[in-house]
Every structure is written in C-alpha cells, then in structure tokens.
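Residue numbers (the working numbering), protein chains in the order written: chain A, 43 to 411; chain B, 43 to 411.
A hint or two may mislead.
Intra- or inter-copy, both count: the list cannot distinguish identical chains.
Derived PhoX-like pairs: lysine-lysine, alpha-carbon spacing no greater than 20 Å straight-line [said to hold, decoys possible]: (1) K323 - K374; (2) K374 - K399; (3) K306 - K331; (4) K404 - K323.
Just so you know, these hints were derived from the structure itself, not from any lab.
Chain residues, written in single-letter form:
Number of protein chains: 2
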Amino acid sequence: MKNYSIFKSRRLRSTPYTSRIEKQGVTAYTIYNHMLLPAAFGSIEDSYHHLKKDVQIWDVAAERQVEISGKDSAKLVQLMTCRDLSKSKIGRCYYSPIIDDSGNLVNDPVILKLAEDRWWISIADSDVIFFAKGLATGNKFDVKIFEPNVAIIAIQGPKSFSLMEKVFGRVITELKFFGFDYFTFKGVKHLIARSGWSKQGGFEVFVENIESGLDLYDHFFEIGKEFNVKPGCPNLIERIESGLLSYGSDFDNNDNPFECGFEKYISLDSNIIFLGKEKLKKIKSDGIKRKLMGVEIKTDNINLTRSINIMDNDGNLVGDLRSACYSPHFKKVIGIAMIKEPFCKASEMGKIEIEGKTLAVKVCDLPFI
Amino acid sequence: MKNYSIFKSRRLRSTPYTSRIEKQGVTAYTIYNHMLLPAAFGSIEDSYHHLKKDVQIWDVAAERQVEISGKDSAKLVQLMTCRDLSKSKIGRCYYSPIIDDSGNLVNDPVILKLAEDRWWISIADSDVIFFAKGLATGNKFDVKIFEPNVAIIAIQGPKSFSLMEKVFGRVITELKFFGFDYFTFKGVKHLIARSGWSKQGGFEVFVENIESGLDLYDHFFEIGKEFNVKPGCPNLIERIESGLLSYGSDFDNNDNPFECGFEKYISLDSNIIFLGKEKLKKIKSDGIKRKLMGVEIKTDNINLTRSINIMDNDGNLVGDLRSACYSPHFKKVIGIAMIKEPFCKASEMGKIEIEGKTLAVKVCDLPFI
C-alpha cells in the first residue's frame, strides 16, 4: 500500500495539541469536522494492544461541539433527534441519532445537557451546526447556535481510572458512565464526562480553558509513567471489535436508523415532535430492506480504503463492505457491511474483490463481542 | 517539514478517478466535502508552471452538487444567498455567497440554474445540504434536496480550449464564461461549463454517466499529447496569485461577506428575501472592522499549515495570515490575511513568527494581479 501525504492548510484545522502529538510521533491523520484527527502513532495493532492494557491520551479536539442555548433550545434539540429527551437530566450524556425530514441519518452525536436551556451536541463528522441553524431560522426559534472553542482530551484504557484519580482525586472515579461534572485542575474547572470512543473505559475532558488544557495534557504524561501512559487515538481495530459505528464510514445520510440497529434510540410511541417521525413509522411498519451486519472475511489482513461490493456466486449484490480490519482478539479479519435482504442473516456467504484477490465473506451478527 | 500520511477510509470518500490519479503519480491529498481531493503531483511549483503554459486534467469530484428541485426551489435558493438571482437564466453559473441568519458566510458556491425549478449548488467545503434541508423543513417548502452522483473533471490551462475542441468540436469554444450547455462524447451527453478554480481558462465536465466520464478522462490523455496534457489539481500558488479565495482557508462561518470583499454579490437594495439581509444592512451602515487583504512576507519560501497571528512592533494584533506561498510571478512570498482596523491599508507593516523565525509582513491590496 502506497502512502499519500496530507496537504495541510488552515481549512484542515490544527488543534491546540497538534504540535505536541507531532513531537510524540503521530504518523497519520484523518480529517474529522474539518480538523486534524490523529489516526496512527506507528502500528495500529501495537496501539490496540496498549489501549486494551494500559491508558492513552487522545487529541480528539475534532469532536466539535454545537452549542444551542435559549428559550427554544430544548424544542430544537428534540426536533433534531428521534431519541426521547423529555426526561433528560442536567449532567448526563445522551447518544442521540439526528434525523432529517426523510428519516435518514444526519449524524450520531452524544448530546450533553448543560442546563434546561443549554446543550452541547458533541458531533460526528458532518456540519450539524448548519442543520441546526437552518431549522432554527425556518421555525423562528429563539435560540443561539455556535461552535464553542472546546478541545477535547480523551483518556482511554483500563488504567484511565487510576490516572484520573491521581490528577483529580477519588471523586472522579464515582462519576457514572455517560455522566459529567466539573473537576478542578490547578484551580481551573473542567467539564469531564465518563465517555469516549472506545470500550476500554475512560473519560473525556471538554477543555474550554485552552492554556489549562495544554498544561493538563502535559501533566498526564509527567505523572502517568507508572500506568505506562502513551499518546493514542481512536483505534480502528478496537472500535470495529467493539462494534462502535462511525458516521461516514459505516452509515451516512443515505441510511435510516433502523437499518443501522439504532432501534432503542427511536421513540415513535411518545408525544415528542421530531423530524422524520412519520417516515420512521412507515419504515418500521413496512420493514427494512437492508441492515448493518458483521462479516468475517477469509484472509490474513486487509486494508480497506473505500466501500466494496459483496456479491454472491450468482452475481447478485449481497451488500457493501464499509469497514474492516484484522482482529487480534478473534484471530480473523472482521468488518461491518450494509447487507441487503434476503442475505441479512448470520452464515450467509458472499465474496469481495480487493487488490486483485477474491475473498470469501461470511455474514454474522453485530456486535461481534 | 515532516510529512504525515492520510489514513483512508470510506468516510474520506474516493472518487471515480482515484485509482487513475494514483497510477498517474498523485502524492498528496486534501479532504474536501468528505472526499479525496488531489493536492499535489510532486512539485507544486512545477505543476504551477505547467498549468500556466499547457493544459491539465483535474479530478475535482470533491466539488459536490446539492440539487434543489420542486415548486419552491427558486425561493429556497434565493433565501440562501445574498446575490440577486431573480433575473438568473437557465444555462448560466452564478458565484453566490451563502449567508446565515447572523450575516456570516456558510459557503461560496457557484450555482447552476438547470431549469426554473431545478438548481445545482456546486459547493465549497461545508455541508450546505444540511443547511438547505433545515431551511426547507422549517419553512415547509415544497422541494426535493439531495446530493446527485456528479463527479466533475476540470480541464484547465490555456491549451484547454484546443483540447476541448479536439474532443467536442468547434461549438464548445463558443461557450461563454460561466455559461454551460450539453455536449456529446461518444453518444453520451455531458453538462459542461466554462468554469474552474484557476484563472488560466478552462472547463468543467459535470459527469453524471460515470462510465462515460471515465472513458472521457482517459481519452483526454490519449489525444492530448500534442498539448502536453498532464494530470493536475487546484494549485495553491496559482490560486493565491489569482486571488481565488478558499472557504475554510481564507474565510469561514466567523466572517461576513463585506469582510471578504464580496460587495458586488450583495444585493441589499432589491426586494428579494434572503437570510441575514437586515444584519448585512447594519454591517454596511456600521462599517466593517477588518478585511481580507493581501500581504507580502520577507522570506524566500513558506509552508503555512494553519493560521498565524500578525503582530505589530508594539505587540498589537494586526490580523491573521490564512494562506501563503512563494510566487514565481512576483518573485516573493505572498499571502492572504484577515487584517484588523486600523491596519487595513496597503503598506502597513507587521511581523509573524513561523518555524522559529520572525518575518516582516507588508499589507497590500487584493487581488495581487
């Protein structure tokens, strides 16, 4: 596989931590919300093993916030998501698919309720801010919408709890999953959530005071040697094994939330008003024609750079493979694919052509673990 | 300067031409509208000289279209832009800043009027589709909005006219600047505009029939030897010398169109209804506090990867440098910067710190040429 350079410019925004991770050995970037997101520090597989054993510090400033505040903010936030937020609590995070008028996905953010009239939408890779602005203007909502200067540091891995306790004290270990609160580092308060884009446990510091955030970033490495702390980033292998879906990779604005397995976040029976509700009711009653499924691929390794059609032996389209990696845990290549009916069940077989080779594909259930 | 790899995935979409340009020697990518956009084929300066002398074929599929059709389509398109489109004609392209409710820029697309009730918004790098969907839903407009499968090939450079004539016949040379029409290649009709993101002359083929587009892409190289045709891409040096602005690099959603020198596209006196109109009236009467200006930088070369503050000798912020390159034409380093009052005039001096060096900066007018 040939490597291609990323051509940097202001348009691919740097983060407050970029100069630090470049000294620490970042080797590859992806772009996420028009911003640099580290994608590798050398070997992805080495980083995967480290993430599952110790603790990593991630520059995930590219996980941008859309702040919505004002009198109609709760109405607007609810309008955008099919998840019922009517009983949502301040200090909690809510994984909430954002849906357009045709019932398709716009994003799958985590929404933080900061106050009854103030929310952060912590977005995946699409410009939710313009969707919110368009809706607010069209509906004449009394809201303020902007992208605050928040640059998240994620602390991920089983030893993240010990590392965070050493910095913030015992109290931080009492934070419940998807809860957030304010904790002090050298006199500066930071919003910290027990969250993050891995299944290895951890926290995200929503840094607003950038100077203090940079100091905190360095501090983790200064005091973290006993936990074998290393720089890292969202890990392709770990996230596929864990079944963490990626907007843009595994699904996008051409897919609906039923096809992506988001049933439990779709509140069709409540009285809440959200976009695409009638469309989703119809999709539910008609039944879906395709679904995101796991696949096992008969090969030793794979480098998937785009989606690839999965065919059956008679030349019928089975679906398309959207993400894949070699899994050290399962000792085989696994992937995530949008599979068409009637192939949406475990053990269905197909094949793909990649880099001149034909490989057998077996459909399986998600999540893998 | 260390190079960093781009970590490819389905989320950074490949184009129909990606496998071709990779065989032809692309060395660097940027990401534009969640898609791979070639940024270099080896030396940018060599490519610049070739572009100004001969003809290049560009994979600019990342210049995505947002199609808006239906009864209220003209109303929605006009609502989004401050340019008066009430007298717009079918078969013409219109450079049209898109403005939000606060009077700031969302994008600076070229809008193609395909029919009275069908438009393509040929977008710069932001998700205009979600802005349009939000507005349409909120206003209950009767429109259909989607991203059609269009993968543009640009033909740029002074010999583009001869190359295009050889393929499409004499008739294509009669197309006026920013006009478009349909032309036939081997029995397949293609929408072709006399447009493109350089000032060296050229065309853009809005490829809808991908199979024919791939054939056309190859055909240009087969028959173009006499014009010294080469693969290329939007060129940093040529676009800065020519004063072609880049959304995300030179301006973004924090800037208004007056600050960016778009006065002639702002129709405040007409009766048309567009977002931010009252805000723009107020900005005009209050006067702007900063403006995009050219700068000359005292050095032999520059590699600008992010914006950098320009300071004066007393430690005051003069502005921020957003794009820069060495210009072979002017034989000096030039750039584009947002300059604050009272420094917004030619010959004002400042300085930047970059890669450990302090460089003198002189403000100048735009465009450079």
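Worksheet item: What label fits K306 with K331 when the C-alpha limit is 20 Å: within, between, both, or neither?
Response: within (19 Å within a copy, 50 Å between copies)
Discussion item. Reference check for the pair K404 and K323, CA-CA at most 20 Å: within, between, both, or neither?
Written reply: Neither way: K404 and K323 sit 31 Å apart in one copy and 61 Å across, limit 20 Å.
Worksheet item: With identical chains treated as interchangeable, where does the CA-CA distance between K374 and K399 reach 20 Å or less: within a copy, between copies, both, or neither?
Response: So K374 and K399 pass the 20 Å test inside one copy only (17 Å; across, 51 Å).
Item to complete: Pop the pair K323 and K374 into one bin, within, between, both or neither, using alpha-carbon distances up to 20 Å.
Response: Classified as neither: same-chain Cα gap 38 Å, cross-chain 62 Å, threshold 20 Å.
Taken one by one, the earlier hints fail for this structure at numbers 1, 4, listed in ascending order.
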